[in-house]
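Colleague: According to my numbering, numbering within the sequence shown proceeds without interruption in unit steps and concludes at 941.
To be clear, the hints were calculated from the coordinates, so they are not data collected in a lab.
Positions of the beta carbon are idealized from the N, C-alpha and C atoms, including for glycine.
Some hints here could point you the wrong way.
Below, computed lysine-lysine pairings styled on DSS-like, alpha-carbon distance capped at 30 Å [as the list claims (entries may be wrong)]:
id, residue 1, residue 2
1, 333, 314
2, 918, 421
3, 255, 905
Cβ pair distances, simulated, as ranges [as the list claims (entries may be wrong)]:
id, residue 1, residue 2, range
4, 931, 441, 34 to 44 Å
5, 677, 403, 52 to 62 Å
6, 325, 289, 37 to 47 Å
7, 559, 486, 24 to 34 Å
8, 403, 512, 50 to 60 Å
9, 618, 403, 43 to 53 Å
10, 880, 288, 20 to 30 Å
11, 402, 920, 15 to 25 Å
12, 608, 880, 16 to 26 Å
13, 559, 763, 31 to 41 Å
14, 689, 498, 23 to 33 Å
15, 618, 303, 38 to 48 Å
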Amino acid sequence: MIVEKFTPEAMISAPRRGPAIPNHDGTLALYTLSTHTIGGETLKEIRVMNIATGDSSQLFDDEKAQDAAWLGDGSNTVILLKKGGEGFTFLITIDADKSPSDPYIVGHIPVPVQNLKVKALKDGSVAFAVVGLAGADGQLFNPELNKPTHTGRIYDVYRAREWDTYRNLQKYSIFYSTLSKKEDGWKITGPLHNALAGTNLEAPINMYEPTDPRDNYDLSQGGITLAAEEPGIKDPLLVGISDIYYVRLSSFATASVHSPVKIGVQSEELDGYSSHPRFSPDGSLIAFLRGPRSAFEQTQIFIHQIGSPSAINVFEMVTGQKWPLTPSGFEFAPNGHVLYITADDTGRVGLYKVDLLPSAYPKTLLRNGAVMSYYPLGHDNNERLLVTSSTLVESSTYQIVDADADHEPIVVSSATKNGSKFGLSPKQVSEIYFEGGGDYCVHAWMVRPRNFDESKTYPLALLVHGGPMGAWNDGWGIRWNPALWAEQGYVVVTPNITGSTGYGIEFADAVRDSWGGRPYDDLVNCMEYLKQVPYIDTNNAIAAGGSYGGYMMNWIQGHPLGRRFKALVCHDGIFHVPSFMLQTDYLGDTRDFGGPPVLWQNVEGLERYNPARPDLLPNWKTPMLVIHSDKDYRCPITDGLAAFHTLQLLGTPSKFLTFLDEGHMVLKEENSLEWHRQVFAWINKYTGIAS
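Throw the hints in and build the complete structure from the sequences for me.
Modeller: This is the structure we're talking about:
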């Protein structure tokens with residue numbers, strides 16, 4: 251597939267690959283592939299790749315399949331979940347050595363479950379666990395078979411809804427059992443047991459990627475570790491505080507007689523957010539991420555030896571070496587004495603290795619593009635990793651990285667041949683630095699059209715990221731893809747303004763109580779810098795952003811910077827900060843607005859950077875497309891409607907685009923296609939680019 255031009259249709263219909271997961275001996279890799287036909291259906295496959303050759307074959311083709319993983323018994327058996335009728339879930343195995351291979355039904359679970367995890371046990375059986383709803387009796391609950399006669403729901407705690415759904419009246423829990431091998435194949439040995447029975451803890455669920463089994467719980471030979479919110483929290487300002495728990499099991503075949511034990515932390519930051527628990531290979535250690543509840547940039551890795559009083563900070567109390575980067579994820583090496591770590595690093599997501607020894611300092615393994623996943627290639631003590639990553643022009647690369655050597659990674663497979671299948675090239679991408687609003691520099695990515703001619707001038711597309719603690723990284727995106735915007739005929743600039751991650755804690759933290767302060771000043775200075783670039787026409791510019799970036803579109807509408815753009819695009823932005831804080835599913839903390847995020851306790855703080863201030867609204871004169879989906883509960887649609895109504899009342903050219911079945915992000919393929927068509931039609935109209 252070579253496309254003549256990288257268009258929204260080409261991006262939406264291109265195959266999308268999931269992370270590559272190697273088998274026990276590092277010869278095969280398991281991955282998912284999703285291919286959408288414009289105006290039609292989406293084909294979802296589970297595929298197996300020969301790591302030596304890069305050749306792949308289809309293993310399973312079913313849109314209801316999820317959570318495919320290697321069984322882990324030393325064979326090339328794949329296990330997965332498949333949704334059935336009336337909420338039932340089937341557990342299925344497939345032999346990857348046989349092609350084609352018929353799926354084998356291991357058993358069924360009479361409720362909807364997700365987040366499958368497996369662990370081969372020493373007795374030859376395999377432990378497995380899933381996440382599902384628990385009824386009042388602690389048993390698996392099937393909402394499909396227990397529908398009430400009315401649609402009313404009643405809540406008596408804060409956060410009745412989250413992201414794009416109302417919270418269930420039942421709690422999610424982890425259910426576990428074992429598989430044993432019979433003559434005709436693997437079978438579920440006995441009933442599933444609730445690991446959190448008798449507690450009010452709730453198992454974690456990733457609302458946007460519910461099929462990712464790697465995130466917030468893990469299995470060992472002797473138990474389960476998970477992240478869970480503190481039980482019984484009534485104060486809305488404390489909602490979101492979570493801890494790591496350990497459930498010791500005498501056997502995965504029987505109910506636990508041990509209550510979950512909370513792992514304490516030796517840290518000044520006690521009220522924080524814990525996630526990503528991992529057992530060491532021998533099960534003696536539990537490591538996890540922990541940081542302040544709403545400060546990604548201060549997250550650290552803690553490690554706990556089972557049986558010890560508390561967990562300790564790896565960089566403070568194990569290596570004794572401070573590291574300027576902030577971990578976003580990690581995994582144990584097969585020997586259990588090394589951690590592989592990912593971290594935002596000046597517009598990239600890098601991969602690093604650190605020995606769990608005094609004075610050890612992280613070694614850079616890969617710092618090109620954005621690392622998505624990384625797995626040991628085989629379970630012996632070699633230090634080769636199978637890494638999945640992307641760049642601004644390449645959607646997916648599988649490569650082998652040797653953590654113990656300094657040679658270049660070996661590319662196993664590139665989805666688009668470094669962008670060439672889309673007609674893209676790394677030569678279109680460059681980096682710039684400019685003076686920010688204070689005594690610091692700001693980094694930005696610049697993406698030019700494929701047919702760029704330095705002797706010509708091009709309109710500017712300035713994109714503002716969400717967060718506000720987030721970053722534009724050298725990674726592929728479907729929702730915001732700078733290369734796609736560049737192919738419309740723009741020079742695209744994505745500045746990592748104040749609040750961006752990967753530039754140090756101080757830089758990220760400076761956005762607090764300065765939402766429309768330093769970041770706005772950075773954008774003003776960015777435009778001044780770009781005026782000096784001869785091939786950019788800053789007099790023919792547009793700006794766009796989503797979430798916090800949408801907030802910034804509303805903010806600059808009321809300020810002089812807004813008049814420097816021909817048009818704006820505001821996706822899921824915040825319009826009225828004081829009322830927004832009472833509608834959102836996530837309050838943040840007292841540092842975000844210099845005081846409590848409630849209007850009767852902090853009038854001045856919430857008004858300071860409020861885009862809907864009466865003195866700012868009359869300035870809203872720049873044409874703007876407002877996009878806001880009906881099921882966005884993080885930034886409720888009322889803010890989008892208020893912004894659009896304001897523009898209409900002022901007589902400012904404006905349109906409102908909404909999706910009734912989407913939340914904070916537009917995820918469905920045909921909706922995404924319409925999103926891009928409407929956005930590009932809007933900005934191209936005002937910059938004069940031919941459609």
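Colleague: Work down the list of hints and note, for each, if the structure agrees.
Modeller: Outcome of the hint check:
no., hint, in the structure
1, 333 to 314, "holds (5 Å)"
2, 918 to 421, "holds (27 Å)"
3, 255 to 905, "holds (28 Å)"
4, 931 to 441: 34 to 44 Å, "violated (56 Å)"
5, 677 to 403: 52 to 62 Å, "holds (54 Å)"
6, 325 to 289: 37 to 47 Å, "holds (41 Å)"
7, 559 to 486: 24 to 34 Å, "holds (31 Å)"
8, 403 to 512: 50 to 60 Å, "violated (30 Å)"
9, 618 to 403: 43 to 53 Å, "holds (48 Å)"
10, 880 to 288: 20 to 30 Å, "holds (24 Å)"
11, 402 to 920: 15 to 25 Å, "violated (32 Å)"
12, 608 to 880: 16 to 26 Å, "violated (55 Å)"
13, 559 to 763: 31 to 41 Å, "holds (37 Å)"
14, 689 to 498: 23 to 33 Å, "violated (53 Å)"
15, 618 to 303: 38 to 48 Å, "violated (24 Å)"
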